[in-house]
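Trainee: The chain contents come next:
Protein chains: 2
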Amino acid sequence: MGKLVIVGTVAFDAIETPFGKTDKILGGAATFIGLAASYFGVDAAAVSVVGGDFPQDYLDMLSNKNIDISGIEIVKEGKTFFWSGRYHNDMNSRDTLVTELNTLADFNPKVPKNYQDADVVMLGNLHPLVQASVLDQMTQKPKLVVLDTMNFWMDCAWDDLMNVIKRVDVITINDEEARQLTGEYSLVVAARKIHDMGPKYVVIKKGEHGALLFHKDDVFFAPALPLEEVFDPTGAGDTFAGGFTGYLAKTGDISFENMKNAVIYGSTLASFCVEKFGTERMQKLSNDEVQKRLMQFKELTQFEIELS
Amino acid sequence: MGKLVIVGTVAFDAIETPFGKTDKILGGAATFIGLAASYFGVDAAAVSVVGGDFPQDYLDMLSNKNIDISGIEIVKEGKTFFWSGRYHNDMNSRDTLVTELNTLADFNPKVPKNYQDADVVMLGNLHPLVQASVLDQMTQKPKLVVLDTMNFWMDCAWDDLMNVIKRVDVITINDEEARQLTGEYSLVVAARKIHDMGPKYVVIKKGEHGALLFHKDDVFFAPALPLEEVFDPTGAGDTFAGGFTGYLAKTGDISFENMKNAVIYGSTLASFCVEKFGTERMQKLSNDEVQKRLMQFKELTQFEIELS
Chain A
1 MGKLVIVGTV
11 AFDAIETPFG
21 KTDKILGGAA
31 TFIGLAASYF
41 GVDAAAVSVV
51 GGDFPQDYLD
61 MLSNKNIDIS
71 GIEIVKEGKT
81 FFWSGRYHND
91 MNSRDTLVTE
101 LNTLADFNPK
111 VPKNYQDADV
121 VMLGNLHPLV
131 QASVLDQMTQ
141 KPKLVVLDTM
151 NFWMDCAWDD
161 LMNVIKRVDV
171 ITINDEEARQ
181 LTGEYSLVVA
191 ARKIHDMGPK
201 YVVIKKGEHG
211 ALLFHKDDVF
221 FAPALPLEEV
231 FDPTGAGDTF
241 AGGFTGYLAK
251 TGDISFENMK
261 NAVIYGSTLA
271 SFCVEKFGTE
281 RMQKLSNDEV
291 QKRLMQFKEL
301 TQFEIELS
Chain B
1 MGKLVIVGTV
11 AFDAIETPFG
21 KTDKILGGAA
31 TFIGLAASYF
41 GVDAAAVSVV
51 GGDFPQDYLD
61 MLSNKNIDIS
71 GIEIVKEGKT
81 FFWSGRYHND
91 MNSRDTLVTE
101 LNTLADFNPK
111 VPKNYQDADV
121 VMLGNLHPLV
131 QASVLDQMTQ
141 KPKLVVLDTM
151 NFWMDCAWDD
161 LMNVIKRVDV
171 ITINDEEARQ
181 LTGEYSLVVA
191 ARKIHDMGPK
201 YVVIKKGEHG
211 ALLFHKDDVF
221 FAPALPLEEV
231 FDPTGAGDTF
241 AGGFTGYLAK
251 TGDISFENMK
261 NAVIYGSTLA
271 SFCVEKFGTE
281 RMQKLSNDEV
291 QKRLMQFKEL
301 TQFEIELS
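First to last, the sequence lines map onto chains A and B. Using my numbering, the letters of the first sequence correspond one by one to residues 1 to 308. Using my numbering, the letters of the second sequence correspond one by one to residues 1 to 308.
These are calculated hints, taken from the structure and not from any lab test. Be aware that one or more of the hints could be misleading.
Note that identical chains are pooled: a pair holds if it fits in a single copy or bridges any two copies.
[Claimed, not checked] Within a straight-line C-alpha distance of at most 30 Å, the following computed DSS-like cross-link-like pairs (lysine-lysine) qualify:
no. : residue 1 : residue 2
1   : K166      : K200
2   : K193      : K21
3   : K292      : K216
4   : K276      : K216
5   : K24       : K110
6   : K193      : K206
7   : K65       : K166
8   : K216      : K113
9   : K292      : K193
10  : K193      : K276
11  : K141      : K200
12  : K292      : K206
With the hints as extra help, turn the sequences into a complete structure.
Mentor: Pasting the structure below:
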């Protein structure tokens, strides 16, 4: 069983969708990644920071999911990172209403000693220098490093971003970000340019339109499961990343063929995440439910055609 | 070998894309559908109308592709339907610059006698009354009737559209049109409502985001092949429909399982169509090229996951 280090936010979210509205609930990239990865029973540690206002219940919940929380620093006198957003009617776009960095502003991640030899490192969306500092703390080269990022860092920390991108094996970004990162509209051409920046594997997330995995001239596509209703898209991308890295940490096989399965697991778990507000659905997820949905993914995509 | 009747426009198109500009070239739904269906060597007839200005060369080309043109009426004193459009930089949206209906304004389709017993009828996008008049001419109930339509007819011929939709087995429309037709954002819910209008099968085309096939509670998804460059999207939807119906006419098997393959063939042929202006690419398409691209589709979508 592989070890997985997850660095990212552990946060409060307040969410408005056409279906309803929440007060401050549990959110954050590391939270969603950790919950998804926990499905695979891997030995995962979350590296993050919260304030004294962060409920012990939330930490206990993560611990109960077998996520090591010794790397989540608690700044007693500080407040937890808070994000608030409102989704538009199509659920594909949103407005950020509030971003309070709070303790995240001075986040200095510390990887617990017994995870500095982890096999897989998942760098959630954070300042590229923070992501790099996690890699600096690893005592041996991880088998796989996966990085998530966003347009914000392209706008205001380009050089730092390029430096950390060089050091990772897989990058996960959305289609618009891939276009911004490369100046290319075609995702095929964009992926090739991103390969040249360092990552051997490029995952381009297209939300409700699925995800593409590129490796050299190979490409694999996983659709999003067509759902009757998307209730709250918050955390879907991080859940995808958690499913992806959790599966790879569990199997220890980073071949392209196995990475396809990791993409399918990521998409499968993300399809649950969006069914309820925040982490609600991910906290209560049975193996049967996941296996049943994997079967739906097979039916959705697999065909038997005879080539002549 | 099944017989296929195709009704639709045979037209002149003038196209502007970021890559270039054409004078009046061969276009039209029945043209693209026919060229795609001709790949399968089916016994297909195009039913359409053109003016005296329509070049004999174009008619000869269609004949040489084994498309029966006895149902293409030539109105000597009239002019051929002309459409001109300009694509935006993202190639996903376009402006119509010119629409001259010409002979199409009085189009009264006549299905050739020896095709009135066809197995498959493909109703290209036209006024719903014109589509219905083709069905009225069939001397026996076709094995499969497929209808394409667009938002324009929802706006200005709703009742006629509902009447013809009731009579078809498969409808192919794009995502926005499915939403307009049903007032539902979720494509899963939209497909269910369209089932209730009549069609047992619903194909929702999402352009570069692929296509969904719905039948009762079953759903199948085919991505668009990720391409380095989309040169001209004109005719891609009709080419998809031609591949879909051509394959079904050839195999004579209208089970859901076989319809999946028809969707894959449709997507495969459409991926060629967009590589050149107009019908250029579809006129020169070898079996080897198609089989190679089908293999790419398999690699793009097929995975081996063990369920526990």
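Trainee: Now look at each hint and say whether the structure bears it out.
Mentor: To see whether the hints hold, each was checked on the structure:
no.	hint	verdict
1	K166 to K200	within (10 Å within a copy, 51 Å between copies)
2	K193 to K21	between (40 Å within a copy, 28 Å between copies)
3	K292 to K216	between (32 Å within a copy, 18 Å between copies)
4	K276 to K216	between (37 Å within a copy, 25 Å between copies)
5	K24 to K110	within (26 Å within a copy, 66 Å between copies)
6	K193 to K206	both (18 Å within a copy, 26 Å between copies)
7	K65 to K166	neither (33 Å within a copy, 52 Å between copies)
8	K216 to K113	neither (35 Å within a copy, 54 Å between copies)
9	K292 to K193	between (37 Å within a copy, 25 Å between copies)
10	K193 to K276	between (37 Å within a copy, 24 Å between copies)
11	K141 to K200	within (16 Å within a copy, 55 Å between copies)
12	K292 to K206	both (23 Å within a copy, 26 Å between copies)
In summary, the structure is inconsistent with hints 7, 8 from the numbered list given earlier, while agreeing with the others.
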